[in-house]
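Respectively, the protein sequence lines represent chains D and C.
In the numbering used here, each number is its position in the first sequence, counted from 1, plus 25.
The letter at position 54 of the second sequence is residue 49 when you use the numbering used here, and the numbering goes up by one with no holes.
Rather than coming from a laboratory, the hints here were simulated on the basis of the structure.
Just so you know, not all the hints are guaranteed correct.
[What the hints assert, rightly or not] Sample of chain C residues at the chain D side, in silico, Cβ under 10 angstroms:
#1 L173
#2 P376
#3 A459
#4 F460
Glycine included, C-beta positions come from ideal geometry on N, C-alpha and C.
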Amino acid sequence: MSGPDVRHALEPLLEVRGLIAELDTPAGVARAVDGLDFEVRAGETMALLGESGCGKSMTAGALMRLLPDVGYIAGGSVKLAGRELTTLTEAQMRESRGSDMAMIFQEPATSLNPVLTVLQQIGEVLATHRGLRGAAARARALELLDAVGIPDAARRLDEYPFQFSGGMKQRVMIAMALAGEPRLLIADEPTTALDVTIQAQVLDLLARLQRERGMAVLLITHDLGVVARMAHQIGVMYAGQLIEQAPRAAFFTRPAHPYSKLLFDALPDAARHGRGELATIPGSVPPLTTVFAGCRFADRCPQAWSRCHDEAPAWHEAGEAQRVRCHLYDPAEAGRAAPLAAAATSVVADGGVEAGQAPLLSVRDLKVYFPIRRGVLQRVVGHVRAVDGVSLDIRPGRTLALVGESGCGKTTVGKAILRLIEPTGGTVSLDGQDVGSLSRSALRSLRARMQMVFQDPYGSLNPRMRVGEIIGEGMGALQQGGDGVAVARLLEQVGLRADMADRYPHEFSGGQRQRIAIARSLAVQPALIVCDEPTSALDVSVQAQILNLLGRLQRDMGLAYLFITHNIAVVEHLAHDVAVMYLGRIVEIGSVDQVLGAPRHPYTKALLSAVPRADLDAATLPQKLAGDLPSPADPPTGCHFHPRCPRAQARCGTDAPVLEGRDGRQAVACWFAD
Amino acid sequence: MDFKPLLLWSDILLWAMVAGCIALAVYCRRQDYLRRAWRRVGESGVAMASATILAAFVSVGLLDSLHYQPRLPAQEGSSEVQYAPEVLSVLDALVADLRLNKEKTYSAPLATHAFAKETMERDGLQTRDYPRLKWGGAHLDDVAGRDSDLARRAASGAFYGLLLWAAVVGVAVGWMALARGAPYGATCRTVWRPGTAATRPIAWRAVFATLAVLSVIGGITAAWSAGYHVFGTDKVGQDVLYLSLKSVRTALLIGTLTTLVTLPLAVALGLIAGFRGGWWDDAIQYLYTVLNSIPGVLLIAAMVLMMQVVIDTHPEWFETAAERADARLLALCFILGLTSWTGLCRLLRAETLKLRELDYVQAARAFGVGDARIMARHILPNLMHIVLIALVMDFSGLVLSEAVLSYIGIGVDSSMNSFGTMINAARLELSREPVVWWSLAAAFVLMLALVLAANLFADAVRDAFDPRFQWRARRIVKNVTA
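Using the sequences and the hints, build the whole thing.
Below you can see the structure in the form of structure tokens.
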């Protein structure tokens, strides 16, 4: 990354002035983008940062004039290289899309057409915008695929999207976007759907391409880590407005707006490790149909006073090239600008858990194989080894984080422990009782001892049942009553109001739904809760609320968690122990300080270094991990990691290393561990 | 007694369904969330208007489902009470004029003369001319006065219709005022101007407006039919309006009874196939794939013909022709149901496959909730919108397939009136010159009204039961307040 602070004296490539975009929704007219002003210069990355529902993607849509049917641009101007875009005809706009500016989307799986080959899809752009056809188009497509780092590009040109992995699909998408040689690239959450090691590859690729081609990039993201790695300029959006604009260095050293500060504080981080409470932002983003009188953030702002509620703040200078929409920076209010209490994060003492206790949950050599069936007679021709010999222990009141990329089998471990999936082999014992050998009825009484919280707060609650019924169901199924009093008590325990029991799940926000899901699992008074990525679908500020809740419940009730996640920052904040999984096997397991502080396995090291950090020294080049996760149906021989491992030697390809720890250090499965 | 009540099997089933609906309504009133959902249906003007039209159809159908046999005049010297072999319904009694006043053959709507020329003797000369009808316009001395007579009758019919409407609405509003404890005038105003009310009220205005239209149409039709054939007459001189009214019951029966057969099969098999998977799924899939590969009409024809043989060889099972026709109708419903569950079953299986992997089903499993309970509590309610939509779409489809089957002669009994038989007859009438269009038009208008009302109502019900749905009209309310 070369000189993020270089500010060209050039004219801005993209100039947005007073852009207003509205959506005509059943609830009223939602002003999703309200008076946006910003500019992007060639060779510069502007990051739009914000939580879901604050109008980031609508901004991208408005720039490309690709708004949903109910959306329209209600005012303002968008100039690309001095050319006004809002007044162009649709035909002129089509010309401009793809050649002047291109867009890459969040979900690579759905943004490529599954029935066309990669060449056909790239060729379409080349034919439209470059007039290239036939052999010339093929040659150019080949160059593009090479440029985005797809190995064996000549062969892969004729393959279909389903033959590519997620990261590779995103590379194809980028190649398509580049085909028209755009001067502005709009990247809408380009790596959100990808794993960290793949995300690191794609971000590096974007940065390299930008450098080589001098493109302007408008990066839309909610991830402070991605912003820190990529952006030169940062614009923070809230409820349809930009509320802070700053260069990268200024933003990460001195965020000005109270909202920006709280976003940083809400981020779980090693710096505040010690399972303290994270700062949270109460409430959620107001609906955009609201007619705002004062500052849009006033209701959630800890520093708000009466003026904030009555008068919309104007832009104020908050430092060199840093602007903020907040009354605190009004020269007239100079006396007020007291810094936000840094003690928003209070470290709470650990709930006095003795390390020597007998394990609550003990998993030994757990295996889950899914048969692959072929042919008319459905013969079993092989197995997907989703989980291949996993052993772990969890003591009461402790949290074990199970970390790994998607497809490594971590969710399957969680479900197999609860016997939601029947394990193929190995034992799971809870309190010394073998879960695997229990009959259905005996299993039912054990169900009360362990529960699960799921990833998707929208899919985990039955939309046709009221909250009270949802929470009461478990109690009813396990003959524990389930009356209104118990439900009300549980709702209050997770920070909701007792009268919410009559409502349906759709009336709640994502964070509230996750609270309901937690209340449901608490209802049967479990000793162990398997949390399957409980915060990955939530915004940072809401994630902090849920993490705090989980921490508090653990301290109050002595719960043990098996915390399945791919988010290393959450692990640092919450876990006592960490197990790192790769392709069905645990490659490293130990206490959080050992594993994250001094990783021994090369995969752990690569994983940790790939995590984008929300601070300025993010420039440290990650230890790159080449390639993708191999298929668990056909895992590599020996050590599963050896094809991607920088240290692999001949032995790794033949013998699988055993998980073992020496000298009081964490156990690791590697022949050449540190 | 002057008559002997007679319960046909289809009557029993139809009234049992009515009782079931009432029981369901009572249950819904007790269940808070169901009541709220139905209230949302009530808030929709379109839903209430179509419900009113449906109610009109249903009441015709129900009146036609109270059957009796009239007593024959006592024979000389015999004290034995004899009942007519002909089975009549309350509807027949109410519209006896229409039923009994037949013409010789075709006559156009509101005509005074027959549709075809006839050779007649006038003043000793043989001429070919259009003869006067026996009933249609027979009261007119001068045929030229027909138009003014029609206008006069229309005006008085509309007037009496509106009078009846005003009485009904007055009583209804009075009852509402009593129930709410509000003064009569204020209640009138809230019914008429619901926009000013704090909460969205039940759309009584739509009900009353629809009722007004229905009463005016009904009044005019009644006034005209006292002296004319409003929809004309068919080939054998029967009043087409009467035939249409009688067809309503057949359509309702075919549309509802068939779903009684379809639903349990489709829901149970679809749920089991999707939820259990494995051998269950394979077996059920093979079953409906095989069933679907047999040409439907052939299968139905074979079954109907077999059933007809059974009915014909056992005349002792049926006392009257009506009972035989009724048995044939029930068998038709049963056969249609047996062959038409596959589409819904396939939909439900696919949806169940999706739902069973959802986290809330997994969560229920983690609580040790049993399979049957998961299916009933977590999967079935989330399938109901599909069931509802499929039912209403099938309703129109079934009414139409009855027409197709009648066309090839395997539909309802020929003595039974149905839209199908009317449309089938229209096939020949349309090829006449000049065209006899009124049978088809009458069947078309009534079927359209019935199916359209059912579709609109089901749309509103589906939306109201979808928790994510927000009424589009909220925006208007918001703008008014803002």
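Outcome of the hint check:
1. Of the supplied interface hints, the one on L173 of chain C is violated, with its beta-carbon coming no nearer than about 30 angstroms to a beta-carbon of chain D, more than 10 angstroms.
2. Interface restraint check for P376 of chain C: the shortest CB-CB distance to chain D comes to about 4 angstroms, inside 10 angstroms, so the restraint holds.
3. Contact between A459 of chain C and chain D, as hinted, is not supported at the beta carbon level, the nearest pair being about 13 angstroms apart and thus beyond 10 angstroms.
4. A distance limit of 10 angstroms between C-beta atoms decides the matter here; for F460 of chain C the minimum to chain D is near 8 angstroms, and the interface restraint holds.
Hint violations for this structure: numbers 1 and 3, all remaining hints satisfied.
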